[in-house]
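Just so you know, full-length UniProt numbering puts 767 at position 767 of the sequence shown, and the rest follows in order with no gaps.
No lab work stands behind these hints: they were computed from the structure.
Since we're looking at a predicted model, the values are computed, not measured.
Idealized CB from N, CA, C, for every residue including glycine.
Worth double-checking, as some hints may not be accurate.
[Claimed, not checked] Straight line, CA to CA, 27 Å or less: simulated BS3-like cross-link-like pairs of lysine-lysine: (1) Lys-25 to Lys-113; (2) Lys-25 to Lys-73; (3) Lys-332 to Lys-407; (4) Lys-131 to Lys-104; (5) Lys-621 to Lys-593; (6) Lys-73 to Lys-142; (7) Lys-123 to Lys-25.
[To be verified] FRET-style restraints, in silico, Cβ to Cβ: (8) Ser-66 to Val-220: 36 to 46 Å; (9) Glu-111 to Gln-183: 20 to 30 Å; (10) Gln-183 to Arg-56: 39 to 49 Å; (11) Glu-266 to Glu-64: 23 to 33 Å; (12) Ala-664 to Gly-329: 49 to 59 Å.
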Amino acid sequence: MHWAELAHSLPPLNPKRIRKVAYHKLCISEEQQSQLDDIYKSKKHFEHEYSEHDQRDARAKLAELSLDQAARKDLENRWSICTSTRSGATQRILFQCGCGYDSKARQARDEAKGVKQSLEDWKRRTPYPFKGCNAHVEVIEKDDGLVSWIAGFFEHNEACQAAFLERCPPVPLHEHVYEVALQQLQSGASITAVQDTNREMIANRLYRDMGNYDPASANVRYLFLPSDHSTLYRKAARNIGVDARELPQHNVDEWLNPNSPRYNAEISKAVFHYCARAEAGDRFEICISTSEMDEAAHQYAHHSQLVLDGTFGICSSRLLLFIALAVDGDRKGIPIAFLLFSASANARATHASYNSSILTKLLGAWKSHLVCRFDTKEHNALTTVWPHIILLICKFHLRQCWTNNRKKLLRFNGSDYWKDLIRNTLYTLEVQLISSVEHSSALALIETSRALFKNIVDSYAEGKRAGEAGLAHLQYLNDYWMSMPMWQSWSEWGRITAASAIQIPVEGIIPTTNHLESFNAVLKRNRRRAMQEYSRWLNSRFFKEAGNQNILELRETLAASKEEQDRRLRSVCWWIPDATRDRQAQDILYQQKLTGISFGESSDVFVANCTPSLLNAPPYKLKVCRNGVGSCTCLDFYNRGGACKHLRALRMVVDGWVSQGIYAPFEYPPTLASAQHLIRHLGAESQPESSIPPSIPPSILPSDTTLKNWANLQALANDETILGGAGDREVDRGTVSSSVDGSDSDHDKETNELLAPQMPFFAGQKIAINDQIGYRIGQEVDAVLPKLIGLESLLQDALSLPDSTQLHQLRNTIESISSRLLHLDVARDSSPIQDLEQTQALGQQRLKRPRLQKLHLRAPSPEAKQRRKPSYGNL
Numbered sequence: 001m002h003w004a005e006l007a008h009s010l011p012p013l014n015p016k017r018i019r020k021v022a023y024h025k026l027c028i029s030e031e032q033q034s035q036l037d038d039i040y041k042s043k044k045h046f047e048h049e050y051s052e053h054d055q056r057d058a059r060a061k062l063a064e065l066s067l068d069q070a071a072r073k074d075l076e077n078r079w080s081i082c083t084s085t086r087s088g089a090t091q092r093i094l095f096q097c098g099c100g101y102d103s104k105a106r107q108a109r110d111e112a113k114g115v116k117q118s119l120e121d122w123k124r125r126t127p128y129p130f131k132g133c134n135a136h137v138e139v140i141e142k143d144d145g146l147v148s149w150i151a152g153f154f155e156h157n158e159a160c161q162a163a164f165l166e167r168c169p170p171v172p173l174h175e176h177v178y179e180v181a182l183q184q185l186q187s188g189a190s191i192t193a194v195q196d197t198n199r200e201m202i203a204n205r206l207y208r209d210m211g212n213y214d215p216a217s218a219n220v221r222y223l224f225l226p227s228d229h230s231t232l233y234r235k236a237a238r239n240i241g242v243d244a245r246e247l248p249q250h251n252v253d254e255w256l257n258p259n260s261p262r263y264n265a266e267i268s269k270a271v272f273h274y275c276a277r278a279e280a281g282d283r284f285e286i287c288i289s290t291s292e293m294d295e296a297a298h299q300y301a302h303h304s305q306l307v308l309d310g311t312f313g314i315c316s317s318r319l320l321l322f323i324a325l326a327v328d329g330d331r332k333g334i335p336i337a338f339l340l341f342s343a344s345a346n347a348r349a350t351h352a353s354y355n356s357s358i359l360t361k362l363l364g365a366w367k368s369h370l371v372c373r374f375d376t377k378e379h380n381a382l383t384t385v386w387p388h389i390i391l392l393i394c395k396f397h398l399r400q401c402w403t404n405n406r407k408k409l410l411r412f413n414g415s416d417y418w419k420d421l422i423r424n425t426l427y428t429l430e431v432q433l434i435s436s437v438e439h440s441s442a443l444a445l446i447e448t449s450r451a452l453f454k455n456i457v458d459s460y461a462e463g464k465r466a467g468e469a470g471l472a473h474l475q476y477l478n479d480y481w482m483s484m485p486m487w488q489s490w491s492e493w494g495r496i497t498a499a500s501a502i503q504i505p506v507e508g509i510i511p512t513t514n515h516l517e518s519f520n521a522v523l524k525r526n527r528r529r530a531m532q533e534y535s536r537w538l539n540s541r542f543f544k545e546a547g548n549q550n551i552l553e554l555r556e557t558l559a560a561s562k563e564e565q566d567r568r569l570r571s572v573c574w575w576i577p578d579a580t581r582d583r584q585a586q587d588i589l590y591q592q593k594l595t596g597i598s599f600g601e602s603s604d605v606f607v608a609n610c611t612p613s614l615l616n617a618p619p620y621k622l623k624v625c626r627n628g629v630g631s632c633t634c635l636d637f638y639n640r641g642g643a644c645k646h647l648r649a650l651r652m653v654v655d656g657w658v659s660q661g662i663y664a665p666f667e668y669p670p671t672l673a674s675a676q677h678l679i680r681h682l683g684a685e686s687q688p689e690s691s692i693p694p695s696i697p698p699s700i701l702p703s704d705t706t707l708k709n710w711a712n713l714q715a716l717a718n719d720e721t722i723l724g725g726a727g728d729r730e731v732d733r734g735t736v737s738s739s740v741d742g743s744d745s746d747h748d749k750e751t752n753e754l755l756a757p758q759m760p761f762f763a764g765q766k767i768a769i770n771d772q773i774g775y776r777i778g779q780e781v782d783a784v785l786p787k788l789i790g791l792e793s794l795l796q797d798a799l800s801l802p803d804s805t806q807l808h809q810l811r812n813t814i815e816s817i818s819s820r821l822l823h824l825d826v827a828r829d830s831s832p833i834q835d836l837e838q839t840q841a842l843g844q845q846r847l848k849r850p851r852l853q854k855l856h857l858r859a860p861s862p863e864a865k866q867r868r869k870p871s872y873g874n875l
């Protein structure tokens with residue numbers, strides 16, 4: 001063979017690359033697919049390769065097709081990207097005409113792949129209507145703009161050419177808006193702060209490119225919309241190394257696995273317990289405590305108070321988070337541990353999917369005194385880990401349980417007067433019970449109310465149902481809450497005991513979990529405040545307006561000044577006109593609550609006692625001097641200053657004697673300044689010893705003694721107003737001590753007597769928890785037993801049943817309950833944790849285990865998303 005002929009038979013040294021347009025990736029109907037097959041078979045499509053020297057022609061062709069870089073940014077452009085692949089700096093893009101995009105074909109394709117979407121997701125969003133247009137273009141280009149290939153079918157059909165926009169095209173957000181928002185998120189700002197900053201920068205035209213921004217032709221927007229949140233969070237996650245394409249359980253596992261290339265030593269150091277959810281019955285568990293949190297725990301929680309409460313709804317996965325919170329010297333909550341775990345596999349609701357075992361497993365080695373949200377599962381776990389812990393029930397959640405039961409019982413059609421009477425009587429009783437320091441006195445309060453309600457049931461037909469509801473609520477209180485150990489955990493006795501144990505004032509024992517609830521709100525609102533940066537900004541922002549002073553220091557100075565002013569207000573008495581207090585003073589005299597009126601240090605000083613509205617509460621101590629100086633130990637005088645209703649009642653008595661010529665007139669300073677002037681310039685004089693003054697002038701007493709029976713009079717007159725004045729209830733609700741200044745010489749002795757429990761305190765807590773569990777079981781049995789009996793009747797008539805997961809779960813649950821009931825009486829007490837050191841070692845062992853295979857790691861929680869529901873429980 002000749003060399004020339006041989007050269008023609010050999011393949012070329014640089015073979016021409018054969019490319020095919022990927023039109024099969026277009027979202028088109030079957031009819032369009034058939035038409036395109038015919039077009040490509042008949043070679044009616046366009047295809048051309050461009051070298052570096054042909055770029056002018058390539059750019060001209062893209063401009064002709066409205067696919068040059070400027071045209072691609074136009075919102076009115078018909079072309080949309082169908083697919084895009086990248087190899088280094090080279091990108092291959094398939095454009096499709098909007099009038100040829102078939103959303104039904106896209107839906108069928110995704111359903112064939114098993115992708116589940118809602119009907120809203122399949123709703124057409126393409127700006128142009130579907131007209132069956134086959135136009136498409138595929139371009140291969142580099143990042144520097146070099147075009148190497150253009151191919152496709154460019155002819156739009158007539159219907160497409162006549163089509164107009166029928167939907168508003170999506171307007172992209174300017175990249176500078178994302179940049180600013182990402183900086184804000186990184187510094188701890190909330191999404192609300194991002195939106196506020198966005199509005200301010202738009203108003204001041206501070207974003208990049210806003211100088212030549214023309215709204216009439218702009219292809220970008222600057223307003224940050226709710227639809228941009230997900231994009232912003234994806235960008236933020238990418239910036240901190242979170243791979244949003246990975247499932248969250250794999251991200252967490254790789255951060256904590258030392259063998260993983262994505263291992264994060266900082267996160268691993270803060271996690272003291274981790275357990276992945278590898279099997280269907282497992283829980284996802286992770287417990288976090290940074291070194292700063294450990295220091296705070298040692299500083300603020302050791303031999304002190306610990307607040308513990310659980311919450312959920314903090315993230316898209318249905319997880320439970322228990323937060324351990326300490327209280328610093330400024331009475332601010334400091335988080336010292338996070339216990340995060342998923343619901344159990346069979347859980348129907350996340351908030352009910354925890355028990356003593358899981359909490360006992362996750363609680364750390366803290367030993368201090370605790371006030372927590374009332375829940376027997378939390379209490380049982382705490383007393384297991386810390387046998388000598390003092391458990392105090394959160395007063396808010398306690399009153400919520402009582403209020404739920406009271407509302408349920410009084411939810412009927414009847415006389416509002418009698419329902420209000422029962423409701424207010426029960427409310428007053430509950431306040432008295434919480435303030436009680438003796439168990440016998442608390443029981444006596446219930447019996448007093450029981451006698452009143454029985455009298456209403458027996459004597460008043462219209463009030464019978466309301467009285468029966470009141471009796472039912474009293475029975476509920478007595479059965480569930482009034483055992484000695486249970487009473488100790490929520491009454492004032494418990495606060496006094498805790499204060500004595502950690503040697504702080506009773507006021508230092510926090511009665512609620514408000515600190516923790518506030519922190520929960522911070523988590524659920526995705527808000528992390530960077531207080532240091534914010535403080536510096538406040539100082540610099542308002543330094544000039546604050547008179548060249550530090551605005552934060554100035555604020556603290558003003559707060560201290562206000563506190564001193566409040567103290568002065570509470571220490572003096574002045575007599576401003578106050579019709580409400582005067583009316584309440586008359587009520588005090590009508591009810592003969594003012595007792596023990598006598599001379600004080602001299603005949604120019606009167607002292608008296610006034611019986612509070614709360615039963616068994618110590619009397620208020622009153623003093624009125626001739627020069628106008630006065631004082632009272634009630635909370636109204638302590639908090640608001642000025643003459644309270646009790647002092648005004650005493651003044652009415654004194655003025656009665658003055659009007660009869662028995663005593664010389666008394667002065668009553670009308671303003672705070674005049675009262676302070678008296679204190680500074682008038683001193684006490686030597687006076688004779690105290691003696692009994694004459695009786696109260698009859699002219700100021702009620703003439704009709706039947707006025708004492710307020711309930712009967714109001715019922716006869718069909719008066720539906722609430723008994724007692726509003727101010728009376730507001731003042732007396734919080735009364736818990738007999739003396740504001742602690743001048744009672746027998747106070748320490750009485751406190752010591754109160755602190756002497758009638759049974760071992762720590763043993764009593766276990767009894768109280770066990771009793772509460774028993775009550776809760778009884779309540780649940782009452783609710784489900786009728787349904788179980790009906791189910792048993794149905795099963796007797798059934799010949800066969802379909803095989804279902806629910807039936808298997810029902811059978812296993814009933815067998816477990818039966819087994820537990822059989823062995824409950826003989827079960828010995830045992831601790832889920834025999835040694836806390838073993839728990840810590842187990843946590844470290846789980847932390848360092850090899851990473852599980854991705855296919856074996858399950859989602860953190862098995863439960864589907866649901867909304868949080870209001871609490872209506874009464875236990």
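Note to self: Checking each numbered hint in turn, tell me which of them this model violates, lowest number first.
What the structure shows: 3, 8, 9, 11
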